[in-house]
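> Here are the chains, one letter per residue:
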Amino acid sequence: MAVDLRSYLGHVELPNPVFTASGCGGTGRELAQFFDVTRIGAFTTRSITMAPRAGRPTPRMAETPSGMLSAVGLQGPGVEVFAQRELPWLAERGARTIVSIGGGSVAEYTALARRLADAPGVTAVEVNLSCPNVEDRGRVFARDGSAAAEVVASVRAATRYDVPVIAKLAPDVADVVSLARLCVDGGADALSMINMPLGMSVDVDTMRPSLAAGTGGLSGPAIRPLAVRCVWQVHAALPGVPIVGMGGVMTGRDALELVLAGACAVAVGTALFHDPFACQRILRELEELLQARGFDRLADAVGLAHRPAGAGPRNRIELEESSL
Amino acid sequence: MAGSPVQVTGTVLTTRRVEAYHALTVVAPAVADRFRPGHFVTVGVGGPYTSMLTRRAFAIHDVKPDYGGTVEFVFRVRGPGTAWLADRRARDTLDLVGPLGRPFPLPRDPCTCVLVGGEYGSASLFVLADVLQRRGCRVDFVLGASSADRVFGALRARRMGETTTLTTEDGSLGMRGEVTDVLAGVIADARADVVYACGPMAMLRGVTAVCVEFGIPAQVSVEQSMACGVGICMTCVVPVIDEDGVTRMVRACTEGPVFLGERVRFDDVGTIPFDALGAPGGRHG
Chain Z
1 MAVDLRSYLG HVELPNPVFT ASGCGGTGRE LAQFFDVTRI GAFTTRSITM
51 APRAGRPTPR MAETPSGMLS AVGLQGPGVE VFAQRELPWL AERGARTIVS
101 IGGGSVAEYT ALARRLADAP GVTAVEVNLS CPNVEDRGRV FARDGSAAAE
151 VVASVRAATR YDVPVIAKLA PDVADVVSLA RLCVDGGADA LSMINMPLGM
201 SVDVDTMRPS LAAGTGGLSG PAIRPLAVRC VWQVHAALPG VPIVGMGGVM
251 TGRDALELVL AGACAVAVGT ALFHDPFACQ RILRELEELL QARGFDRLAD
301 AVGLAHRPAG AGPRNRIELE ESSL
Chain Y
1001 MAGSPVQVTG TVLTTRRVEA YHALTVVAPA VADRFRPGHF VTVGVGGPYT
1051 SMLTRRAFAI HDVKPDYGGT VEFVFRVRGP GTAWLADRRA RDTLDLVGPL
1101 GRPFPLPRDP CTCVLVGGEY GSASLFVLAD VLQRRGCRVD FVLGASSADR
1151 VFGALRARRM GETTTLTTED GSLGMRGEVT DVLAGVIADA RADVVYACGP
1201 MAMLRGVTAV CVEFGIPAQV SVEQSMACGV GICMTCVVPV IDEDGVTRMV
1251 RACTEGPVFL GERVRFDDVG TIPFDALGAP GGRHG
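Going down the list, the sequences are from chains Z and Y. Under the working numbering, the first residue of the first sequence carries the number 1, and numbering increases by one thereafter. Under the working numbering, the first residue of the second sequence carries the number 1001, and numbering increases by one thereafter.
There may be inaccurate statements among the hints.
Claimed, not checked - Reference listing, derived: stretches of chain Y covered by chain Z, where coverage requires no fewer than 3 residues with Cβ under 8 Å from a Cβ of chain Z:
| id | stretch |
| --- | --- |
| 1 | 1098-1112 |
| 2 | 1121-1134 |
| 3 | 1232-1242 |
To be verified - Quick list of simulated restraints, FRET-style, between CB atoms:
| id | chain 1 | residue 1 | chain 2 | residue 2 | range |
| --- | --- | --- | --- | --- | --- |
| 4 | Y | Ser1051 | Z | Asp136 | 33 to 41 Å |
| 5 | Z | Ala91 | Y | Arg1135 | 18 to 26 Å |
| 6 | Y | Asp1092 | Z | Asp136 | 49 to 57 Å |
| 7 | Y | Asp1170 | Z | Phe277 | 40 to 48 Å |
| 8 | Z | Gly10 | Y | Arg1016 | 53 to 61 Å |
| 9 | Y | Arg1134 | Z | Gln33 | 26 to 34 Å |
Keep in mind that the hints were calculated from the coordinates and are not lab data. Every residue gets a Cβ at the ideal spot worked out from N, C-alpha and C, and that includes glycine.
All chains should be modelled from the sequences, with the hints used to inform the complete structure.
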């Protein structure tokens, strides 16, 4: 029997729980050469900014053990071109699109949310909180819970009521649970974690940093334990909040690990660079693993690792009709 | 659809050493069918549970109809990924995605073409020469490298080209110097109409400068490190002047790797030019 793979972000139903991660699927057209982007749960765009951005100089990428460092610098055409050319293309095909937004100030996030509010084809808005706040000497929003909550609250206010707002959190903050709580209090309908933690590598031949930008975000299986930890901690503290888990998911087993830790959906990022068919493969593997473990529904596996030691998997209780 | 890339698990047919380089021939009919000169493939390295996540990109050197279609690519061992590739033997399997990139544009009418290759960049030029000659074009080769063992395909160039000029920096083969030192003479002698070049960025810059002086187009295939090769990782960008005159950071894997030389801002590679679209502090924001 097929497993019911439906996943819910707030009240929005998605046919399956495997998404692309922000910044790892291009505009959708690139991946559409390999597979039908409507077959995955949702397509997450790269972080869209108000103005066009040329990004960081090259080299932007360095391979590290089981991961990679990257510093692309949110290269993109700006929200106008995105709304005119990229979003309609996804909408025409019927892809469920999560639009990631990035800004340098609360006002910029608000303006982006407002611009996208009347654009058709936005399934959800993801707020990339790992952008430097120009009003706070470049400190990223995620490092300052109140700034993050302010961004989330203003985006929530500017977004249509039926479009969920997802706050994307980074693991390299003092306390991811309190940050998550502040975002949810600010109005976030769901959380996605993790964004890339900062890393760095030095090329010992040139004796210079490997990336032109010096530091870069670390991604790939190297960060999966960080992702599992964040999802675990946040799900334990806020069990009712849907979490999109991401960070080094390469196989169905990795996806299931995040689901068991508390994620109701899983996003695939760096794996797409290695294997453009990664999303379908992971979805298929996840379904097989759930089936092999006797699950009828994905939802029954979400957060199951939190049950007390020795307890069996949750069973749906069949209530007998009382004679009374 | 021609040109749309596929992912295949191909069987290695042959491996060989060519001077300082390795060449692998892989059975991949779907890639071979769609191939045009200038295309490249990406290869997953390290096996199924690899810790090396980025794909390695290589220009396609040759395509043959054996076993339904094979592709051959040439590489030099530069790190653990290429060392793993160099250890592959016949009957091993390889994860290939291709053909990728924008191929070399071809002249509509017969003309005279100079093909310039630096190091193993010349690998992609022989299939191009073949296609050009079948269209009635005259082909002249200029190949160069730092030393004789790094010049790739000198013999084949001599067989195919109307003339072949070789250069090495240490003088161990052909003329001492770089390809750009002899290129002007070759263009003048052959009365070349177009130059095709593939090799290191510094060489392409020199080739483009020579072509600009002669007022002929240079089609250059750039090498830029990339993670995915399909246009999603955004790490292989180069500053290129677009048709509207605006400089954009474009992906070498998708918009390239072949560009019109004069459009590429070679002096600004590795930077974001201040006047590029979306440059920090620029007029666009």
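> Lying within 18 to 26 Å: is that true of the beta-carbon distance Ala91/Z to Arg1135/Y?
violated, 43 Å
> Between the beta carbons of Arg1134/Y and Gln33/Z, is the distance compatible with 26 to 34 Å?
holds, 29 Å
> Can you take a look at whether the stretch 1098-1112 of chain Y is actually covered by chain Z? Rule is 3+ residues, C-beta closer than 8 Å.
Per the Cβ count (0), the hint is violated.
> Tell me whether the statement that chain Z covers the stretch 1232-1242 of chain Y is true, taking a Cβ distance below 8 Å and needing three residues at minimum.
holds (count 7)
> Return holds or violated for the Cβ distance of Asp1092/Y and Asp136/Z against the range 49 to 57 Å.
holds, 54 Å
> Indicate whether the distance between the beta carbons of Asp1170/Y and Phe277/Z respects the range 40 to 48 Å.
Given a distance of about 46 Å, which is inside 40 to 48 Å, the answer is holds.
> So does Gly10/Z sit 53 to 61 Å from Arg1016/Y, Cβ to Cβ?
holds, 58 Å
> Mind checking, does the stretch 1121-1134 of chain Y have 3 or more residues with a CB under 8 Å from chain Z?
Violated - the stretch 1121-1134 of chain Y has 0 residues with a Cβ nearer than 8 Å to chain Z, which falls short of three.
> Okay, Ser1051/Y versus Asp136/Z on CB: inside 33 to 41 Å?
With Cβ atoms ~37 Å apart, the hint holds.
In this structure, the earlier hints numbered 1, 2 and 5 are contradicted, and the remaining ones agree with it.
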